[in-house]
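Going line by line, the protein sequences match chains U and H. At position 95 of the first sequence the residue is numbered 94 (numbering that gives the first Met the number 0), and the sequence of numbers has no breaks. At position 167 of the second sequence the residue is numbered 166 (numbering that gives the first Met the number 0), and the sequence of numbers has no breaks.
Derived by calculation from the structure, the hints in this document are not laboratory data. Ideal Cβ positions, reconstructed from N, Cα and C, are used throughout, including at glycine. Careful: at least some of the hints might be erroneous.
[To be verified] Pair by pair, the computed Cβ-Cβ distance ranges are:
1. U/L103 with H/A196: 35 to 41 angstroms
2. U/E179 with H/A72: 18 to 24 angstroms
3. U/R146 with H/A72: 16 to 22 angstroms
4. U/L103 with H/A116: 32 to 38 angstroms
5. H/A135 with U/R220: 19 to 25 angstroms
6. U/L103 with H/V63: 43 to 49 angstroms
7. U/V163 with H/G225: 24 to 30 angstroms
[Unchecked claim] One side of the interface only, derived from the structure: several residues of chain U facing chain H at Cβ under 8 angstroms:
8. V83
9. E140
10. L142
11. L144
12. I150
13. L188
14. G203
15. L206
16. A207
17. C212
18. L215
19. V248
20. V249
21. L251
[To be verified] Over the 10 angstroms line for every Cβ pair with chain U, so calculated as not near, a few chain H residues:
22. M53
23. K93
24. S140
25. K142
26. V197
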Amino acid sequence: MRASRQPAAMGEAAVGLLVERGEQREIPLDPRTKLFVVLVVSGIMIAGDGRGALAVVQPVLAVVPALFFVLMGRFSVAAKYACVYAAAKIIPPLVIACSEVGALVMAAGIVGALGRLLPGFLMGYFLVATTTVSEFIAAAERLRLPRCLTIPLSVMFRFFPTVVVEYRAISDAMRMRGIEGLKSPVAMLEYRLVPLLMSMVVIGNELAASALCRGLGSPRRRTNACEIGFHGPDAVAFALGALCLPWLVVSLMR
Amino acid sequence: MEHVGRESADRERATEDRGTQAPGAAKKGSSIVKGSMLSMKDLMNIGIFTAVNMVVGIAVAVPVGLFPIGLLAMSAIGPIVSGIIVMLFITKIKKPGMLFIMFFINGLVLLFTGMGAYALLIGCVTALAAELILRAGRYESVKLSVVAYATASIAVVGNYVQWAVSGQDYVEKVAAGYGREFAQTVAGYFADPTIYAVLVAVCFVSGLVGGVLGHAVFKKHFERAGIV
């Protein structure tokens, strides 16, 4: 898996917002629909507390990420997710019920928390992996989002994997030099954060140059090669998402 | 020598802006700093620094925040670590709105990762205050940049507000996710409201430390390497 990730790959063909490997099937949904579904599902899954009606709603919605990954043709991800989620739901309550040991209960709590965050992260991953930058910007323009928000956002998503890849490479290099552990936190900061920022700035300059060459800063109205629009599947997704809205409000407010 | 470096950097930035801005944009820019509208390149830089700040923040917060005392300690550790990132960011862009956009996006992400709306609201307020402080220093004053960063750091407190405002309900919610022991321990910390005053002070002070550290690192590495 590691070998297939390209370090700081610039000038990639327009695949997902996240640089994605392998083939996957297209999802016949408008980016705006996907955004809506992702916000609703991950909002309820992550912010919700799992009490009252949410005790039923959350496990039902937990199926949604698996469903999308099946539609994408990534069956193994869907299967792994199903196993991990089930384990994170079933094991911690058993441990808490049977054991009084503090550390064990704490560990169970941590596993439970990871299980709660997992569906939301997978939804976010689904969104950025199946939406191209071009589609994202087209959708954002139709939503009348200001450029000062859409450009940082799309660059940010584009950069998450790059930051992680670069950080790993720097970590490896520092380990070879014997700079590791928490003996001296300041040295850790200096020897890891500084090279990371240096490479980010350089990569950022290259990315900006390439984007400007392709007319990002142009005063003319941007045209899109990709077509976005609402169709049948979008209506279904919106209807289902709208059904869940009350629980989203409950989750976020409480 | 330092002075010369900065001047040439300014010239470079000015030409860059002329190149990338929409023609109408220059008129709208205020008179405080020349070419003070955010250019496309600045917007992309905001995205990059927000991503780096967030990844580093998560890398620090996840192992530390899993323990009750660590959650509290984040208010001291967080601002120090991201000081290096944000100080470089401030020095690199120097335009109105940059901090606000960064913290707004950060708050949006926090909202949807279960930290509640307070993180976003407080983040917006502190970032606006920080913008005003930066503006007062005309985006050049190092001291005011450090103060602005420390002010923006107070946003970290937003992550704790839910413990008090939502009271028992929130404790139950966290108990469902992290286990009762964790929730009770943390709720114990926040039982006394003065803790918030302490936390604001801690964030501000560690923001100052982070800002000074960030500036020192900037002088030692980034300026010398010529990446600004």
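Against the structure, the hints:
no., hint, result
1, U/L103 with H/A196: 35 to 41 angstroms, "holds (36 angstroms)"
2, U/E179 with H/A72: 18 to 24 angstroms, "holds (22 angstroms)"
3, U/R146 with H/A72: 16 to 22 angstroms, "violated (38 angstroms)"
4, U/L103 with H/A116: 32 to 38 angstroms, "holds (34 angstroms)"
5, H/A135 with U/R220: 19 to 25 angstroms, "violated (37 angstroms)"
6, U/L103 with H/V63: 43 to 49 angstroms, "violated (21 angstroms)"
7, U/V163 with H/G225: 24 to 30 angstroms, "holds (26 angstroms)"
8, V83, "violated (16 angstroms)"
9, E140, "violated (15 angstroms)"
10, L142, "violated (14 angstroms)"
11, L144, "violated (12 angstroms)"
12, I150, "holds (4 angstroms)"
13, L188, "holds (7 angstroms)"
14, G203, "holds (4 angstroms)"
15, L206, "holds (6 angstroms)"
16, A207, "holds (4 angstroms)"
17, C212, "violated (11 angstroms)"
18, L215, "holds (5 angstroms)"
19, V248, "violated (11 angstroms)"
20, V249, "violated (11 angstroms)"
21, L251, "holds (7 angstroms)"
22, M53, "violated (8 angstroms)"
23, K93, "holds (15 angstroms)"
24, S140, "holds (22 angstroms)"
25, K142, "holds (22 angstroms)"
26, V197, "holds (23 angstroms)"
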